[in-house]
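Novice: Given next are the chains, with one letter for each unit.
Protein chains: 2
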Amino acid sequence: MEFADYFPIWNKLTDRQQAELSAAVTCRTVKKGTVVHNGSLDCTGLLIVKSGQLRAYILSDEGREITIYRLFERDFCLFSASCMMRSIQFEVVIEAEKDTDFWLIPSEVWKSVMEVSAPAANFTNEVMATRFSEVMWLLEQIMWKSLDKRIAAFLLEESLLENSPQLRLTHEAIANHLGTHREVVTRMLRYFQSEGMVRLSRGVIELTDPSKLEALQHA
Amino acid sequence: MEFADYFPIWNKLTDRQQAELSAAVTCRTVKKGTVVHNGSLDCTGLLIVKSGQLRAYILSDEGREITIYRLFERDFCLFSASCMMRSIQFEVVIEAEKDTDFWLIPSEVWKSVMEVSAPAANFTNEVMATRFSEVMWLLEQIMWKSLDKRIAAFLLEESLLENSPQLRLTHEAIANHLGTHREVVTRMLRYFQSEGMVRLSRGVIELTDPSKLEALQHA
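So the sequence lines, in the order shown, correspond to chains A and B.
Sequential numbering from 3 applies to the first sequence in the working numbering.
Sequential numbering from 3 applies to the second sequence in the working numbering.
A couple of the hints might just be wrong.
No copy labels: a pair is met if it fits in one copy or bridges any two.
To be verified - Straight-line C-alpha distance at most 20 Å; calculated EDC-like pairs for lysine to aspartate or glutamate:
hint	residue 1	residue 2
1	K147	E93
2	K113	E128
3	K151	D7
4	K14	E117
5	K100	E159
6	K147	D63
7	K151	E128
8	K100	E164
9	K147	E64
10	K151	E197
11	K214	D17
12	K100	E160
13	K100	D63
14	K151	E22
15	K151	D63
16	K147	D103
17	K151	E64
18	K100	E216
19	K14	E64
FYI, nobody ran anything at the bench for these hints, they're computed from the structure.
This structure is a prediction, so every number in the text was calculated from the model and none was measured.
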């Protein structure tokens, strides 16, 4: 697969813009756990996921985390290039959740293309609107949904992503995704276990009754 | 003041684009309390505030509200034209908090300009990034800040906007801004009163010790 195949608006760019991007793009491979972008500390550039999985999260002053969205194959990561837009006034950390290959376009190269190309600017708009929608969804979850439903939804999503009912996940990791405390997650998982929805063992959470979790999620 | 004066990128548009916008724009006046835009029910258009104050909020299925941002003079409201971008997958309600005058550009007119004009598309990007930053700020407040601090911050902001230490605000209205319940707000305001920070009387909250509220907000 060529870089151009990952770029929905490639054919709407001029030859010169295509040449500029082709000359600037690099391919990177990172191991699971690597922090790819760390808030305003770096201006990494526009990322396009070839394979793997990235997680974007925010951090509180006390080091608490909450996942704001995840990126999969063919997703564009804009906020790793947030320095190119002065109105982006928040910081996200991007971390590889699996071994990940991605294309990287330096921020200033994308910015210069976007400044003159309406298709590139509109595409950037659509990417931002997609992330915005994900964050609004999260906000609604946090505001109106209780934590038991959010944990149920998270376990089901993980099971889908891993294509397995057995999840190698610490309670701490779940807490960091959902922006809560480990103790709260542990208490809830024990309750889920007593209800027969999961089975807990060392380092593994097994979904023993996904349909019951599903029902709880939508209750 | 002409319409063009409200448009930071007016001079970067072509004569034809300027003519298109000038022909399509209308000016509206609404009374305090008017719902200007109601989620996906209508595709109102791009709003530019001339004077007054708008509030954007989301609604839960049960009718609970939370303010996601406010718009003041010269602010652009993009989500009242959300139908023009397919990636915007959430719904906001826009309501006049004061008597408000605004310019209105029909969504399809702005969309057609944005499709061919890189400056218009990039400007739209910056507007969206600004709102995104406000929502991220809100998310952080909700996640990491306790409600007493959020109420203190809200009262101080209101006092600044109204240029008065006396606020005509119901506890219900505060709850709707912050996405909580009236009872919770009432309890907190009584605590603030017992600490000498506010004085409560029929329909009025008076900030008697703003510096103490300030200290609480940043504690």
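Novice: Indicate, hint by hint, whether the structure satisfies it.
Specialist: Now for the hints, and whether the structure bears them out:
Proximity of K147 to E93 under the C-alpha cut-off of 20 Å is restricted to the inter-copy arrangement: shortest distance 17 Å between copies versus 25 Å within a copy. In this homomeric assembly, K113 and E128 come within 20 Å of each other (Cα to Cα) both inside a single copy, at 16 Å, and across copies, at 13 Å. For the homomeric pair K151 and D7, neither the shortest alpha-carbon distance inside one copy (38 Å) nor that between copies (49 Å) is at most 20 Å. For a Cα distance limit of 20 Å, the shortest separation of K14 from E117 qualifies both inside one copy, at 14 Å, and across copies, at 12 Å.
Proximity of K100 and E159 under a CA criterion of 20 Å is satisfied intra-copy only: 15 Å inside one chain copy versus 43 Å between copies. Taking CA atoms no more than 20 Å apart as the test, K147 paired with D63 passes between copies only; the shortest distance there is 11 Å, against 25 Å inside one copy. For the homomeric pair K151 and E128, neither the shortest alpha-carbon distance inside one copy (30 Å) nor that between copies (35 Å) is at most 20 Å. In the homo-oligomer, the alpha carbons of K100 and E164 lie at most 20 Å apart inside one protomer (11 Å), although the nearest pairing across protomers, at 51 Å, exceeds that limit.
When the C-alpha separation of K147 and E64 is checked against a cutoff of 20 Å, the pair qualifies only between copies, where the shortest distance is 11 Å, while the shortest distance within a copy is 24 Å. When the C-alpha separation of K151 and E197 is checked against a cutoff of 20 Å, the pair qualifies only within one copy, where the shortest distance is 14 Å, while the shortest distance between copies is 37 Å. Within a single copy, K214 and D17 get their C-alpha atoms no closer than 55 Å, and across copies no closer than 61 Å, so neither meets the 20 Å cut-off. Taking the shortest Cα distances, K100 and E160 sit within 20 Å of each other inside one copy (13 Å), while across copies they are farther apart (46 Å).
Taking CA atoms no more than 20 Å apart as the test, K100 paired with D63 passes in neither setting, with 26 Å inside one copy and 36 Å between copies. For the identical chains of this complex, K151 and E22 are neighbours neither inside a copy (47 Å) nor across copies (49 Å), given an alpha-carbon limit of 20 Å. Taking the shortest alpha-carbon separations for K151 and D63, only the inter-copy value of 16 Å comes in at or below 20 Å, while the best intra-copy value is 27 Å. Neither within a single protomer nor between protomers do K147 and D103 lie at most 20 Å apart by alpha-carbon distance, with minima of 35 Å and 36 Å respectively.
For a Cα distance limit of 20 Å, the shortest separation of K151 from E64 across copies, 17 Å, qualifies, whereas the shortest one inside one copy, 25 Å, does not. Taking identical chains as interchangeable, the C-alpha atoms of K100 and E216 are never at most 20 Å apart, the minima being 26 Å within one chain and 44 Å between chains. With identical chains, the CA atoms of K14 and E64 are never at most 20 Å apart, being 45 Å at best within one copy and 45 Å at best between copies.
Against the hints set out earlier in the document, violations occur for numbers 3, 7, 11, 13, 14, 16, 18, 19.
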